[in-house]
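Starting from the given sequences, assemble the full structure and let the hints guide the process.
Sequence lines, in order, name chains A and B.
Following this note's numbering, the numbering of the first sequence begins with 1 at its first residue and continues without gaps.
Following this note's numbering, the numbering of the second sequence begins with 956 at its first residue and continues without gaps.
Hints are computed from structural coordinates only; laboratory data are not their basis.
Note that the structure is predicted; figures quoted are calculated from it, not measured.
It is possible that part of the hints are untrue.
[Stated by the list, open to error] Taking lysine-lysine pairs in the DSS-like style, the calculated list, with each CA pair at most 27 Å apart, reads: (1) A/478 / A/429; (2) B/963 / A/381; (3) B/963 / B/1007; (4) B/963 / A/802; (5) A/478 / A/381; (6) A/866 / A/302; (7) A/488 / A/455; (8) A/302 / A/325; (9) A/394 / A/429; (10) B/1025 / A/455; (11) A/866 / B/963; (12) A/228 / A/258; (13) A/381 / B/1007; (14) A/866 / A/455; (15) A/429 / A/442.
[Unchecked claim] Simulated coverage check for chain A against chain B, where a stretch passes if three residues somewhere in it have a Cβ under 8 Å from a Cβ of chain B: (16) 446-454; (17) 901-907.
[Stated by the list, open to error] Over the 12 Å line for every Cβ pair with chain B, so calculated as not near, a few chain A residues: (18) 103; (19) 111; (20) 590; (21) 920.
Positions of the beta carbon are idealized from the N, C-alpha and C atoms, including for glycine.
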Amino acid sequence: MYQISEKDFGTPAQLAEQQVTLEIDGMSITVPEGTSVLRAAAMAGVNIAKLCATDSLQAFGSCRLCLVEIEGRRGYPASCTTPVAEGLKVHTETDKLATLRRGVMELYISDHPLDCLTCAANGNCELQTMAGQVGLRDVRYGYTGKNHLQDSKDESNPYFTYDPAKCIVCNRCVRACEEVQGTFALTIDGRGFNSRVAASQNETFMASECVSCGACVQACPTATLIEKSVIETGQPDHSVVTTCAYCGVGCSFRAEMKGNEVVRMIPDKQGSANEGHSCVKGRFAWNYANHADRIVNPMIRKSINDPWKEVSWHEAIEYAAKEFKRIQDKFGRTSIGGIVSSRCTNEEDYLVQKLVRAAFGNNNVDTCARVCHSPTGYGLKQTLGESAGTQTFKSVDEADVIMVIGANPTDGHPVFASRMKRRLRQGAKLIVIDPRSINLVKSAHIKADYHLKLKPGTNVAVISAIAHVIVTEQLHDKEFIKNRCEEKSFNDWLSFASRAENSPEALEAVSGVPAPLLRQAARLYASFPNAAIYYGLGVTEHAQGSTMVMGIANLAMVTGNIGRAGVGVNPLRGQNNVQGACDMGSFPHELPGYRHVSDNAIRNQFEAAWNVTIEAEPGLRIPNMFEAALDGSFKGLYCQGEDIVQSDPNTQHVTAALSAMECIVVQDLFLNETAKFAHVFLPGSSFLERDGTFTNAERRISRIRQVMPPKAGLADWEVTMALSNALGYPMNYRHPSEIMDEVASLTPTFSGVSYSRLDELGSIQWPCNTLAPEGTEVMHVDEFVRGKGKFIITQYVPTDEKVTRRFPLLLTTGRVLSQYNVGAQTRRTENVQWHDEDQLEVHPHDAEERGITDGSWVGVESRAGKTVLRAILSERMQPGVVYTTFHFPESGANVITTDNSDWASNCPEYKVTAIQLVAVKESSQWQNNYQAFNRKQIRFLSDRERIDTDMVENS
Amino acid sequence: MNIDNLLKMANQIGQFFESQPDREQALMDISTHLTNFWAPAMRRELIAHLEKSSESGLSNIVEQSLLIHKHRLIE
Ligand code: SF4
Ligand code: SF4
Ligand code: SF4
Ligand code: FES
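If you want it as structure tokens, here you go:
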């Protein structure tokens, strides 16, 4: 876990069951068929010299350094491209081989700047190592011949440089971009001596198609492609395995450190979620943790119109506790609550809900999953019996048909998207259901077989029509349905789905999807052995979000696509710990493990363990809290790691609610938008500063490990504990592992989880218990968690958010690759070089009608509010639909979105807002007010009464 | 709480259960949904509104469900 470099076996592992035995330098070794001789040798502990081979890429055979001799075969084959065979006798070190290898190295070195001592890769350069390994002592050609030493560097990318002078043209970067990332941004341009790596059409990296995933940098054996952070800081001295703090893919990384300083983040080859790949966020955008905006001293203030005052931890916590108690005395027990974030660890989420239930004495706790995947929780529980995705990511490798609904994996879940694209390049079929032409619809070597470009808000109509085709054309899996599903629910659903009103023809006018296209897509989904559905917030964030989730589950069940690898229902979770936050009981109606608070037996267990009485009725959800604040019955809030002002819909409604409250406690890294309405600010710790676990979209629990002390002195779980103690409910954990032990003792699906088990196994997919001691890759294998699968009728109900003459267009929102959610982290990194403002994508027809030009300002108005954004004309949109992101607070994307929400879970309908556009010259009234308010709040921060830091440390 | 919002949310729940085949069960399920997911104060407000108004603004199915299963919602 603490080593710097991982062993490189040269070529990828083979999974063949057939084993082959051969002899290498007299040693016998048995390996799976298809393994290269190079890899077999590495497995036997013999490290053959190599340069163009690395085990994340297919062998290429260009450098000729890995030559070997094989008894009975002629010549000197390259071991990286030679597969093993039974009984082979391989020699890796002979005089002849040594001479040949030195000759190869001589050629490389004669065109290489010999500045090793001052080179950033010094100590970690494969070329240097190989020169040593082959015993190069002399370069007969001299160093004065034709070379590339004067070629200029490309420093355009903020995170890495390309120095062609050092390039040995091994092609590893090109192959990494193709095979690992799937972007195909690089080529080798020119021939022979003139050949050089080129990004796109000989552009700079920044101007090219490169998405800055870092795969090429990682693959490069020299300092040609190298992280700027390594150039600045030098080579790391130790590393710690941890987990990315961004999206729900949950990539595993090695934080490579020099003392307490991170030098770089390297995706971990052993990480099961990412297997050594990364995206620009996790790989490079971590330095927000050291940003000057970090607040490291607690602060309090009486009113949001007062400047802040720094105080000791003790004073801040006591103040918050006193305020909460005062409010409860005056307005009642239910007048306060807590909101926790999917950015927090499982342990933190668990503690906050425990604090609310035990110390506040009510169930007013909710999580930001309310506004993203709460419909998944509801819909999958109703149909399949468990509120979680059914597969592992690697399951996609066995899918024949992939259906992507309302998700944009290349931007939202980039590392999984790379994996999915690899499978698509191998020939899997692709159906995309999305109002927009997302990248997957057509990109390098990928083209969707069907793109059902539906109108926003008509998902359920489309899913019912697909079901209609499947059952009326008898494409359903009768055997599976008979054995695995509830008969009555199926029969009811069958008659519903078969109705003529659910045919693609009948629904075409509603959804905008041509019936023949939909029919073909439905047939494709139903006619291959393995079909898998991947979906995102384009499914959940609708008035019928939960209905759609159930529709997806119906579809998987009716075609028997559940319970094995290659199939399933896969929610792509937005933030890193959406799954975990839900698992940990952060919803107001559920205790950890999705058990309702009204279940006496379960509640009694928690009451006994926590030594407290727990309320048996559900508490307030986030939108209910706002409503209650506005009617005067909800006055205090503890908000950890979540920025409700920026991320929740109808901003003006949210800010009015917060302004009506008396004590808002915000725990965060930065003075986020919510903190500007807060009375107590408790500094949070970044993912580098604390221990804990995150659970990704595959139910995979992975550790985050503290690599440096918390800047503010306390880790978040310690802060929650202190608050609980100050409120009179004792919490005394010494380490987050003890919190996980408590979770395990109270939650059957987690009973086998512990930090020591996580250290042993690397990561664990829950359920993990005596029935599944190593966790569960695929769920619902022999039976559904609820016993028999339940089909549920999914009648399409049009949303109330309808286009009218006043609001004739539909706005839908989403995200971009380089920014993450509200942007609090990524906006404070160089990722702004890719995306530094939220823009409005408009179809050229809609733009033309309104006199809107590319790059001009445009006023966007809905029933909820008005803002101004810069327009980008784009044919990715369909006419009538516009699109924006919500990464920057000043753009006010959520000033526009409305209070409409999912019927079952109250997840906001971010994806459908009726709007009008007008060409404008200046910002909206809301933006002007925002700017003024923001300036005032920033001043309250910069003018804060400072505390003597020595005093804080001693307090 | 804003009664219009409560009514809208209740009616949306009603719309979903309206399409379920067994009406009796649907009436029951609406009340179960409300007891499972709505805080007691919200349920009380809804029932109080229903009791005091001649035109509740609730759809038929929700109103019926509330009338039959009121005891489950406010104990
Ligand atoms: S940039 Fe690095 S990986 Fe790419 S060809 Fe040159 S040396 Fe090889
Ligand atoms: S950073 Fe990623 S996308 Fe960019 S060139 Fe390298 S491998 Fe390709
Ligand atoms: S894909 Fe997600 S988890 Fe992986 S590095 Fe990118 S942001 Fe982090
Ligand atoms: S490592 Fe085998 S040819 Fe380069």
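Structure-based check of each hint:
no.	hint	in the structure
1	A/478 / A/429	holds (23 Å)
2	B/963 / A/381	holds (24 Å)
3	B/963 / B/1007	holds (18 Å)
4	B/963 / A/802	holds (15 Å)
5	A/478 / A/381	holds (23 Å)
6	A/866 / A/302	violated (31 Å)
7	A/488 / A/455	violated (33 Å)
8	A/302 / A/325	holds (16 Å)
9	A/394 / A/429	holds (17 Å)
10	B/1025 / A/455	violated (39 Å)
11	A/866 / B/963	holds (24 Å)
12	A/228 / A/258	holds (15 Å)
13	A/381 / B/1007	violated (36 Å)
14	A/866 / A/455	holds (23 Å)
15	A/429 / A/442	holds (13 Å)
16	446-454	violated (count 0)
17	901-907	holds (count 5)
18	103	holds (74 Å)
19	111	holds (69 Å)
20	590	violated (10 Å)
21	920	holds (31 Å)
Hints 6, 7, 10, 13, 16 and 20 from the list above are not met by this structure, while the remaining hints are.
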